[in-house]
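Participant: Spelled out, the chains give:
There are 2 protein chains.
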Amino acid sequence: MDLEARAHSEHPEALRLWLRLLTCAQLIEKQVRGGLREQFDTTLPRFDLMAQLERAEGGMKMNELSRRMMVTGGNVTGITDQLVAEGLVERLEVAGDRRAFLVRLTPKGRKQFQDMAQQHEGWIVGAFAGLSTKDLATLHRLLGKVKEHVSSDFLETT
Amino acid sequence: MDLEARAHSEHPEALRLWLRLLTCAQLIEKQVRGGLREQFDTTLPRFDLMAQLERAEGGMKMNELSRRMMVTGGNVTGITDQLVAEGLVERLEVAGDRRAFLVRLTPKGRKQFQDMAQQHEGWIVGAFAGLSTKDLATLHRLLGKVKEHVSSDFLETT
Numbered sequence: 128m129d130l131e132a133r134a135h136s137e138h139p140e141a142l143r144l145w146l147r148l149l150t151c152a153q154l155i156e157k158q159v160r161g162g163l164r165e166q167f168d169t170t171l172p173r174f175d176l177m178a179q180l181e182r183a184e185g186g187m188k189m190n191e192l193s194r195r196m197m198v199t200g201g202n203v204t205g206i207t208d209q210l211v212a213e214g215l216v217e218r219l220e221v222a223g224d225r226r227a228f229l230v231r232l233t234p235k236g237r238k239q240f241q242d243m244a245q246q247h248e249g250w251i252v253g254a255f256a257g258l259s260t261k262d263l264a265t266l267h268r269l270l271g272k273v274k275e276h277v278s279s280d281f282l283e284t285t
Numbered sequence: 128m129d130l131e132a133r134a135h136s137e138h139p140e141a142l143r144l145w146l147r148l149l150t151c152a153q154l155i156e157k158q159v160r161g162g163l164r165e166q167f168d169t170t171l172p173r174f175d176l177m178a179q180l181e182r183a184e185g186g187m188k189m190n191e192l193s194r195r196m197m198v199t200g201g202n203v204t205g206i207t208d209q210l211v212a213e214g215l216v217e218r219l220e221v222a223g224d225r226r227a228f229l230v231r232l233t234p235k236g237r238k239q240f241q242d243m244a245q246q247h248e249g250w251i252v253g254a255f256a257g258l259s260t261k262d263l264a265t266l267h268r269l270l271g272k273v274k275e276h277v278s279s280d281f282l283e284t285t
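Chains as they are written, first to last, in the numbering used here: chain A, 128 to 285; chain B, 128 to 285.
The following block holds chain A by itself, in its conformation from the complex (with noise of 0.2 Å):
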């Protein structure tokens, strides 16, 4: 199905975008996932979590990492348990607090992160290989505007 035959309006330019753009980032958001599945096993939020771990050297604090996880809203201590049982991930105490603790990617779990980090980032250049530089660097600009308006506006209005 087509997204965008369903826009008609008083302003269908801006339904149509719209729908083109949530159109575009589903088919990459497909592909990532269909990717991540098939050459990794693995989901999109054990990616993403790994993936805030592989930027945090000496671990990070569980309330941090489900901040950070909120966007792909994936189960982060069910998560974190399965990737600690694979031993991708390890759990640390937290000196001077005996309720917290701080969780960091294994040798194991850094080198196996950095294998779908480069499988991924070939998806992604991929689906972006239509594009000329120029394009690439005039669609950036051109998104950055929407997302400064909409979170803009959206504090405003929340």
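Because the hints were derived from the structure by calculation, they are not lab data. Source: prediction; values computed, not measured. Warning: the hint list may mix true and false statements.
Same chains, same names: a pair is fine if it fits in one copy or spans any two.
[Stated by the list, open to error] Listed next, the in silico BS3-like pairs over lysine-lysine satisfying Cα-Cα at most 30 Å (straight line):
#1 K274 x K235
#2 K235 x K188
#3 K188 x K274
#4 K235 x K261
#5 K272 x K157
Let chain A serve as the given structure and place chain B on it in line with the hints.
Facilitator: Chain B alone, transformed into the frame defined by chain A:
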């Protein structure tokens, strides 16, 4: 959190563009879901289902409706039951096929959908209000290139 802060790689421009695209789609979708909930006490899958029916004056078969709803992934049968119970949608028998039936908006459902669609359009127009008419056209054109490339790439590899 800012998704784009995540990008670091050999091709940071492609990853940054992807995360910006995803961020824009998520921000707008969040506004739409919030608006539907607050102003109409309804959900995006319900809105989408009614939008499909609004375009089929004679009604639509359930399997066609399910196919078209794949994007937002709602439970078509459950949502239809709800909307029937609320008098917004009705089921019709199909002449010559005792097992099939059509679903269509009632006049009350059509009226309610039109109110929602008008608001929805306002939110979408608002989301892109930071862009000039020329920017809108450029963004639509560039996303068209992305869509075309990803679609053909996706068909080749799946």
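Participant: Just pull the numbers of the violated hints for me, sorted ascending.
Facilitator: Result: hints 1 and 4 break, sorted rising.
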